[in-house]
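So the sequence lines, in the order shown, correspond to chains D and A.
For the first sequence, numbering that gives the first Met the number 0 assigns the number 0 to the initial residue and increments by one for each residue that follows.
For the second sequence, numbering that gives the first Met the number 0 assigns the number 0 to the initial residue and increments by one for each residue that follows.
No lab work stands behind these hints: they were computed from the structure.
Each residue gets a CB set at the ideal place from its N, CA and C atoms; glycine is no exception.
Where hints are given, some of them may not hold.
Dumping the calculated PhoX-like pairs for lysine-lysine here, alpha-carbon to alpha-carbon at most 25 Å [unchecked claim]:
(1) D:K669 to A:K97
(2) A:K103 to A:K115
(3) D:K534 to D:K669
(4) A:K103 to A:K28
(5) D:K669 to A:K89
(6) D:K492 to D:K290
Simulated restraints, written as ranges between beta carbons of each label pair [stated by the list, open to error]:
(7) A:G63 to D:I560: 52 to 58 Å
(8) A:L29 to D:Y611: 48 to 54 Å
(9) A:P81 to D:L890: 20 to 26 Å
(10) D:G741 to A:I87: 21 to 27 Å
(11) D:S675 to A:L29: 54 to 60 Å
(12) A:F77 to D:L890: 32 to 38 Å
(13) D:L661 to A:A4: 42 to 48 Å
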Amino acid sequence: MLIIMALLPFLGALLPSLMIRAGRNACAIFTALPTFLALVILLILSPSVMRGEVLQAELAWLPQIGLSASFFLDGLGLLFAGMILGVGLLITLYARFYLSGEDPMGQFYTFLLLFQGAMLGIVLSDNILLLLVFWELTSLSSFLLIGYWKHLPEGRQGARMALAVTGSGGLAMIAGMLILGNIVGSYNLTDILQAGDAIRASDWYLPALILILLGAFTKSAQFPFHFWLPQAMAAPTPVSAYLHSATMVKAGVFLMARMWPVLSGTDAWFNIVTTTGLITMVLGALIALFKNDLKALLAYSTVSQLGLMTMLLGFGTQVAAVAAVFHIINHLTFKAALFMTAGIVDHETHTRDIRRLGGLRHLMPVTFVIATISALSMAGIPFLNGFLSKEMMLEEASHTGLFGSPSALPILATIGALLSVAYSFRFVVHVFLGPVRDDYPHKPHDPPFGMWAAPALLACLVVLIGVAPFLAEGIVTAAANAVTGADLHPHFKIWHGFTPALWMSVVAVVSGAILLLQYGMLDRVWEALPRPEAKTIFDHLVAAVVAGARRVTEITHNGAISRYLAIFTIASVALGWVAYSGGGLGPRTRDLLAVPLVVAVGWLMLIVATGYVVVNHHHRFRALVLIGVIGLTVSAGFVYLSAPDLALTQISVETVTIMLLLLALHFLPKVTPRESSLALRLRDGAIATVAGLGVGGLAYAFLLRDTDTISDYFIANSYEGGGGTNVVNVILVDFRGFDTYGEIIVLGIAGFLIFSLMHALLDGPAAKRLRARDYSQDRSHDRHPLMMVVVTRVLMPIAMVVGIYIFLRGHNAPGGGFVAGLVVAIALLMQYMASGFAWTQARKRIEYHTLIGMGVVIAGLTGAGAWLFGQPFLTSAYTYVHIAPVEEFELATAMLFDLGVFLTVLGAVMLMLYSLSRIARFAGETVNMEPMDYDPSEHVDDGKVKV
Amino acid sequence: MEFIAELLISLFLVVSGVFGFVGSYGLVKLKDSVQRLHAPTKATTLGVGGVLIASMLFFFLDTGHISIHEILIALFLFLTAPITANFIAKTYMVANLKQEKLPKSSSECGWSIYDKPPSSDEDS
Numbered sequence: 000m001l002i003i004m005a006l007l008p009f010l011g012a013l014l015p016s017l018m019i020r021a022g023r024n025a026c027a028i029f030t031a032l033p034t035f036l037a038l039v040i041l042l043i044l045s046p047s048v049m050r051g052e053v054l055q056a057e058l059a060w061l062p063q064i065g066l067s068a069s070f071f072l073d074g075l076g077l078l079f080a081g082m083i084l085g086v087g088l089l090i091t092l093y094a095r096f097y098l099s100g101e102d103p104m105g106q107f108y109t110f111l112l113l114f115q116g117a118m119l120g121i122v123l124s125d126n127i128l129l130l131l132v133f134w135e136l137t138s139l140s141s142f143l144l145i146g147y148w149k150h151l152p153e154g155r156q157g158a159r160m161a162l163a164v165t166g167s168g169g170l171a172m173i174a175g176m177l178i179l180g181n182i183v184g185s186y187n188l189t190d191i192l193q194a195g196d197a198i199r200a201s202d203w204y205l206p207a208l209i210l211i212l213l214g215a216f217t218k219s220a221q222f223p224f225h226f227w228l229p230q231a232m233a234a235p236t237p238v239s240a241y242l243h244s245a246t247m248v249k250a251g252v253f254l255m256a257r258m259w260p261v262l263s264g265t266d267a268w269f270n271i272v273t274t275t276g277l278i279t280m281v282l283g284a285l286i287a288l289f290k291n292d293l294k295a296l297l298a299y300s301t302v303s304q305l306g307l308m309t310m311l312l313g314f315g316t317q318v319a320a321v322a323a324v325f326h327i328i329n330h331l332t333f334k335a336a337l338f339m340t341a342g343i344v345d346h347e348t349h350t351r352d353i354r355r356l357g358g359l360r361h362l363m364p365v366t367f368v369i370a371t372i373s374a375l376s377m378a379g380i381p382f383l384n385g386f387l388s389k390e391m392m393l394e395e396a397s398h399t400g401l402f403g404s405p406s407a408l409p410i411l412a413t414i415g416a417l418l419s420v421a422y423s424f425r426f427v428v429h430v431f432l433g434p435v436r437d438d439y440p441h442k443p444h445d446p447p448f449g450m451w452a453a454p455a456l457l458a459c460l461v462v463l464i465g466v467a468p469f470l471a472e473g474i475v476t477a478a479a480n481a482v483t484g485a486d487l488h489p490h491f492k493i494w495h496g497f498t499p500a501l502w503m504s505v506v507a508v509v510s511g512a513i514l515l516l517q518y519g520m521l522d523r524v525w526e527a528l529p530r531p532e533a534k535t536i537f538d539h540l541v542a543a544v545v546a547g548a549r550r551v552t553e554i555t556h557n558g559a560i561s562r563y564l565a566i567f568t569i570a571s572v573a574l575g576w577v578a579y580s581g582g583g584l585g586p587r588t589r590d591l592l593a594v595p596l597v598v599a600v601g602w603l604m605l606i607v608a609t610g611y612v613v614v615n616h617h618h619r620f621r622a623l624v625l626i627g628v629i630g631l632t633v634s635a636g637f638v639y640l641s642a643p644d645l646a647l648t649q650i651s652v653e654t655v656t657i658m659l660l661l662l663a664l665h666f667l668p669k670v671t672p673r674e675s676s677l678a679l680r681l682r683d684g685a686i687a688t689v690a691g692l693g694v695g696g697l698a699y700a701f702l703l704r705d706t707d708t709i710s711d712y713f714i715a716n717s718y719e720g721g722g723g724t725n726v727v728n729v730i731l732v733d734f735r736g737f738d739t740y741g742e743i744i745v746l747g748i749a750g751f752l753i754f755s756l757m758h759a760l761l762d763g764p765a766a767k768r769l770r771a772r773d774y775s776q777d778r779s780h781d782r783h784p785l786m787m788v789v790v791t792r793v794l795m796p797i798a799m800v801v802g803i804y805i806f807l808r809g810h811n812a813p814g815g816g817f818v819a820g821l822v823v824a825i826a827l828l829m830q831y832m833a834s835g836f837a838w839t840q841a842r843k844r845i846e847y848h849t850l851i852g853m854g855v856v857i858a859g860l861t862g863a864g865a866w867l868f869g870q871p872f873l874t875s876a877y878t879y880v881h882i883a884p885v886e887e888f889e890l891a892t893a894m895l896f897d898l899g900v901f902l903t904v905l906g907a908v909m910l911m912l913y914s915l916s917r918i919a920r921f922a923g924e925t926v927n928m929e930p931m932d933y934d935p936s937e938h939v940d941d942g943k944v945k946v
Numbered sequence: 000m001e002f003i004a005e006l007l008i009s010l011f012l013v014v015s016g017v018f019g020f021v022g023s024y025g026l027v028k029l030k031d032s033v034q035r036l037h038a039p040t041k042a043t044t045l046g047v048g049g050v051l052i053a054s055m056l057f058f059f060l061d062t063g064h065i066s067i068h069e070i071l072i073a074l075f076l077f078l079t080a081p082i083t084a085n086f087i088a089k090t091y092m093v094a095n096l097k098q099e100k101l102p103k104s105s106s107e108c109g110w111s112i113y114d115k116p117p118s119s120d121e122d123s
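Starting from the given sequences, assemble the full structure and let the hints guide the process.
Below, the structure written as structure tokens:
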């Protein structure tokens, strides 16, 4: 039930975008439906939770890292889930009437449900990792909601700021939660809640506390992170009402409440949380008073009220926690109603500027009543619910000292209350009272019932709880018990007698009213004062971060490949040096072998060729020839060291690479221009020398020492385990088959990438240069010489046989799919070179893209086939078959896998060739339809041409 | 293995070595590209051929199997070496010989390399 409830909003998020085609009403109904169902489930579950039970449900997700999709429902969760779903329903109704016909409503409701699901996930999660996932989801989905009017720059900026602030807070919280989980040894919230003492005693308590509070404070818009909330007011009002009364910003408060039994009770907690809450409360209220935008006023009042709740949680006493929980409910009711009325006023008058409003009570009586009730509740007037929790707050504040001063906190709390009275009154007086004006941007009147129904319902609740507070006792008790872990039975009374709190309240109301009377003068003073503009600071900060990031990017990857190589090389050398200086070298266990003459000659060739490439690399063609020499010498080295497999691979790779590079060089300048200064060349030379000496030294050191490698295992198990005597091939297709599978996919992607890069290239500025180049100067007219064509045709079947032979014997002798793919590719490449691309392409049956795809699919299916036999992916099987005249031979599934490798390699190589020939065609080379330039069979012997 | 067999194999190896050397020496000694074309032909035919025959003999006399890999190698060599030489010659001509210095071609299509091939009109 719990899991279904948690999933319902997410499942429901699929509906609105579909149902919008059936009309706006249907869309709203189908948004309300999952919310309503979830609410019903919650109500069914609620009696047992109210009795104090904790409901749990668990689904394993990633048990290896301690992440499971486990949910639990206790009093606090019940309260919040009820708020999220209940207000969600009201918002759905309200938004139906609020959004205009031009707004994409389906999208809005989808975002709303996603957000609702994420919030619900936070309050129901029993696993802190899962909670973090939902936490980030709320940041993301609120980003979508706040930026819903994406045509408005304020909307986009507000959304970005909200995401940046809450998202980075979320990152800090991830760190804090991981520390917490590490201390306890479990990521389960229920376990963590039991381990409060251990956590508070831990050395890591303070870092964890600060990091988690960072997450909570950013989300709940606490000072100094409060600035994102007013900016987020650019969102449509339903979003503001939902995010900033019941859900998003309460998530931080929820988290502090959830972690209260574990984290509270220390000086650090008290000092940080109380102080932050207090500052936020007073500062938020002060700014709210002077805001002329209705929603900005409400936004800062929300900031202030959240500060109040934070402060209460910071006190660390059980009574204060009860007050905090109670205020959560009360704030929800009046603030949601106020936001909705603000939205109604905006909707009707087309302005939210308080200076342009006034006298609306005659024009919008219903809205006036709702707004007045809610605002008075916010001010803390008796018989409304805001009064009750504010009294409890003042009562708690009156006997709490802060930093050694017994009177600081009560005075500041009273000032906060006073300011909140002032801005609440201002909301009513400056908007609704006063004379009716005749210059409203739009003639206002009360909205349709559907639009004021939701705030009216909330206003009723405000009065109901205010008059009969015992109605809320049940849920508050359940939630407060969940927060404190104690068994409390709070009783809410309207009349406590003449307590200090009452006097503080009276002072607040009276001076608040006086403050409003003097508003004109105060406003002038306020306007004259210098105030830091949070948005500007934030923008500068973001700009600075972006500039910093860009500088790093420019330094590290500015597009110069030589720089990448330098960074990579230096980093590798540095790491190698760290490893070397850490462990040092073991004693030498082997002697140097004598150097035979043949080896010395080979070595000399290698050195000379390499040196020549270094000196002459500006001449690309020469360098390429020399690279070919180096490749062949290396292959010979492999043969000498008994690695025929490697030699075979090396030779075929060399051949293909050189052929493709030759073709590519045709389109490039013959000489690389000298661009680097001498200093730069010296630097690069130094890096290269150090890296080369490092690698050489490493190889030298290893060759002189006996090391344990895994090769022994492979050699011992190759035949038994993989059914092949060619260890290299068995490693590739069996032991490390998964690697190979990944590699062929990469190879295929590389082929596709070259192909699509070519597309981009032929559209870009390079295309112009290509077209402008003149290739006719040094070109032979003999493009497809007769002899070459004939010989390649003759060679084709022989090369194919060699390819098949190498493929088939691969499992037991040097060869395999990779080499075979290259050999066949070379055979085909020769046809292309001899007879030209167009002629050959016309004779090709299968697209190379298809070939790559088929290769990967065949390899994948072979691997997946093992599942049918209950084996892990890529387990190979083999058997020996004996058919009469043929010798006994082996059949292995590894061969099928190898076939996949073969096809992919072939396809990738040919696709690269195809890409190159596209350039040629683009550069204006003609296309031939004949296999060769001069076909003697078409011409008679006596020199006369047949027609 | 018998002495005679070893002698035979060695003989082919020595022959191959000598021609390999001659080919390589020619590459260094001869003056220009066209002359130098002659030298590697010794190495690729007689030089490699000697090794291949020696190898076939060795496997036949040693294990009794007739090894045909060598025939394949020879086949590849005999097919590719002339083409290589042909291409080097063509390249040399493009780089060093102007068409004006050539006598007139008796063929209607003119000289390959210098004149457009007959089929090029059909190209698109």
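Compare the structure with the hints numbered earlier in the document and write down the numbers of the violated ones, lowest to highest.
The structure conflicts with hints 3, 4, 6, 8, 9, 10 and 11, although it agrees with all the remaining ones.
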